[in-house]
Amino acid sequence: MIEIDNAVKRYGSVTALDGVSLSVPRGALFGLVGTNGAGKTTLFRLLVGHERPDEGTVRVAGRDPAASTAVRRAVGYLPEHAAFAPAMTGREVVRFHARQRDVARAHRRERVDDVLRTVGLGDAADRRVGGYSNGMNRRLGLATLLVGAPDVLLLDEPTASLDPEGVETFHRLVERVHERTNVTVLVTSHVLSEVERLCDRVAVLDEGRLVEAGPVDELGGEEAIIRFTPGSDVTPDDVTAFVDARPDVGLARATGDRYALSVPESAAFDRLAALQDALDVERFEVDRTGLREAFDRLVGADSADADGGDAGEQTVADGGADDGGVADV
Amino acid sequence: MSESRPDGGTETRHVRFDATRPARKQLRSVADFAVREYRLAVRSNWASGLALLFAVLSVGVVVFGRSSLGADGVRAVVLSVAELSVYLVPLAALAFGYGAIVEPRQRGSLDLLLALPVPRWVVAVGIYLGRAAALASALVVGFGAGGLALFRFGGGAGWGTYLALVAAAVGAGAAFLAIGLVVSTLAREKSHALGGVLLAWVWFVLIFDLLALGAVVGFDLPTPALVALLCANPATLFRLLVLSVAGSVSGGFGAVLASVPLDTASLAAALVAWIVVPVAASAALLGRR
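So the protein lines, in turn, are chains A and B. Counting with our numbering, you get residues 3 to 331 for the letters of the first sequence. Counting with our numbering, you get residues 4 to 292 for the letters of the second sequence.
Note that these hints are calculated values from the structure, not bench results. Glycine included, each C-beta is placed from N, C-alpha and C at the ideal position. Any given hint could turn out to be false.
[As the list claims (entries may be wrong)] Capping the alpha-carbon separation at 25 Å, the derived lysine to aspartate or glutamate pairs in DMTMM-like fashion look like this: (1) B:K28 <-> A:D115; (2) B:K193 <-> B:E106; (3) B:K28 <-> A:D153; (4) B:K28 <-> A:E112; (5) B:K193 <-> A:E82; (6) B:K28 <-> A:D66; (7) B:K28 <-> A:E94; (8) B:K28 <-> A:D104; (9) B:K28 <-> A:E53.
[Said to hold, decoys possible] Here are the in silico distance ranges between beta carbons for each label pair: (10) A:D128 <-> B:S47: 40 to 48 Å; (11) A:A89 <-> B:G147: 22 to 30 Å; (12) B:G221 <-> A:A69: 53 to 61 Å; (13) A:R65 <-> B:N48: 55 to 63 Å; (14) A:G132 <-> B:V38: 41 to 49 Å.
Use the sequences and the hints to build the structure in full.
Structure representation (structure tokens):
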């Protein structure tokens, strides 16, 4: 459905995309993560035809998005800061978009009502948008795309500035729409757990380069994570000594009294047993390496996860130095 | 429109009719955008506020000048309204136009509109036409109130002149609205656009005439140069249009204006150019962004 081949985009001396190649199959729920300025929004702008690549090619449904407006009929793009004229009602907004997306007049009213109900705005459809909450605005944004029955949805940071309930509602909505229509969804998010939950595939961008792409559950590689809280008499030096004595164990994170060790997945429980023998461990959990750890390993930056309990942890990826940067992924 | 790319090739921008979308549909989209914009202007009370302003202005001049209403008196009242309008119509139109593009851009709604399957020129032209219709409505309603007062106090005398004044005001308003649209398209922030249109108003309404008068007095300008000079300012064209219909000459630069060999149709055409060129420029600029 989406084919990007060696795309390069420069703005003056800044290279926003540097030879990105990516293939997104029809019906995928695809996540795009990367630090601030990694090139996610630029990639979306290429896909919707707002920009042309300086080099390489971009194809959506087999066509060049910048060559004509035809591709935009198949693509629904929800920008990060999308908003609506506050004096319009939700129904007027969706009806306007339906007309521009060539929804047949005979079905337009029914289609608009149906989409408004789908996004949970049926009762608020005739209220002015100025009185909508952030969550309602985002759902209205989604409705403006869905009304045209697109083949591809491009959602740029769709849950930014939403409260947890709004995030959950939006997630369920996207999942339901995807399930019903098999639409191809490309979503960027600064919340890694969101991408992990919502998407089946993910690509990691760093400084305009694609550093990894693949199924979400394979991105973590062959590693596991042991998260533990040591007893009060255990010092950071004790933990460091434990890690230094074992070449296949790395200190992935250290935050206050919590630690995360990266270990080979096949030896995870052996290393846990060794940890419990060597140190007083009050609580622990063992997990496969998730997107967060994969991201840290690939990009080498700390990531801020709004719904994770470990937000603000200090990254010591692969036992290396902390670069101190907070990643907007 | 084509432009050079870093690889030496050229790229075609969207400022053109899209061959994949029939012209009829593109024009329908222009109408949709215009209706949307008109509705927003009415709901935001811009249109009613402007109508009230012009109603107070025109009725006030008629009421205060009613003692002298006769054939000449009506002309004097019309010229008084025109003189005030030369300052207020451009200011109102620029103030109404400066947010046309930059406001939805800052709010976040422009990106959504540009992602629709319509060429970008449709967005620019539609927004302009909607606002122009709202401004024209406000001017007609506002000056209409003055017209009714004129009818009440002066009978039927001078109606043609007054209608010509209203038509010229609508034309001048449309031209200054188009200038506001360009400023709005160029500006990155609303405050920059506001500063831009205020500078434009000071230039066209306050400074230009002084400089032009200086040029006329200081240099013996040939007629074509004088015509070009006068056509370079839509406010001057507005004044000339009113003078050409009212057949009257006010002092100072007015005497110069009256000596210019331009008929009403030529003046109107020049004013139309002041609408078409900025709107086309705005559409082109939006296509490049």
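Verification of the hints:
Taking the CA atoms of K28 of chain B and D115 of chain A, the gap is about 24 Å. The hint holds against a cut of 25 Å. Proposed proximity of K193 of chain B and E106 of chain B is supported: the alpha carbons are some 6 Å apart, at most 25 Å. Taken as a hint, the K28 of chain B and D153 of chain A pair is honoured in the structure, with Cα atoms around 22 Å apart against an allowance of 25 Å. Between K28 of chain B and E112 of chain A the alpha-carbon distance is near 22 Å, which keeps this suggested pair within the 25 Å criterion.
This hinted pair checks out: K193 of chain B and E82 of chain A have alpha carbons roughly 20 Å apart, not beyond 25 Å. For the proposed pair K28 of chain B and D66 of chain A, the alpha carbon gap of about 22 Å is at most 25 Å, so the pair holds. For the suggested pair K28 of chain B and E94 of chain A, the alpha carbons sit about 19 Å apart, so the restraint of at most 25 Å is met. For the suggested pair K28 of chain B and D104 of chain A, the alpha carbons sit about 9 Å apart, so the restraint of at most 25 Å is met.
A threshold of 25 Å between alpha carbons decides the hint, and for K28 of chain B with E53 of chain A the separation of about 24 Å falls inside it, so the pair holds. Between D128 of chain A and S47 of chain B the C-beta distance comes to about 19 Å, which lies outside the given range of 40 to 48 Å. One distance hint, 22 to 30 Å for the beta-carbon pair A89 of chain A and G147 of chain B, holds here, with the actual separation near 25 Å. Restraint check, G221 of chain B to A69 of chain A: a C-beta distance of roughly 55 Å satisfies the suggested window 53 to 61 Å.
Taking the beta carbon of each, R65 of chain A and N48 of chain B are about 44 Å apart, not inside 55 to 63 Å as hinted. Distance hint check for G132 of chain A and V38 of chain B: the Cβ-Cβ separation is about 19 Å, which falls outside the suggested range of 41 to 49 Å.
Of the numbered hints given earlier, the model fails hints 10, 13 and 14; all others are met.
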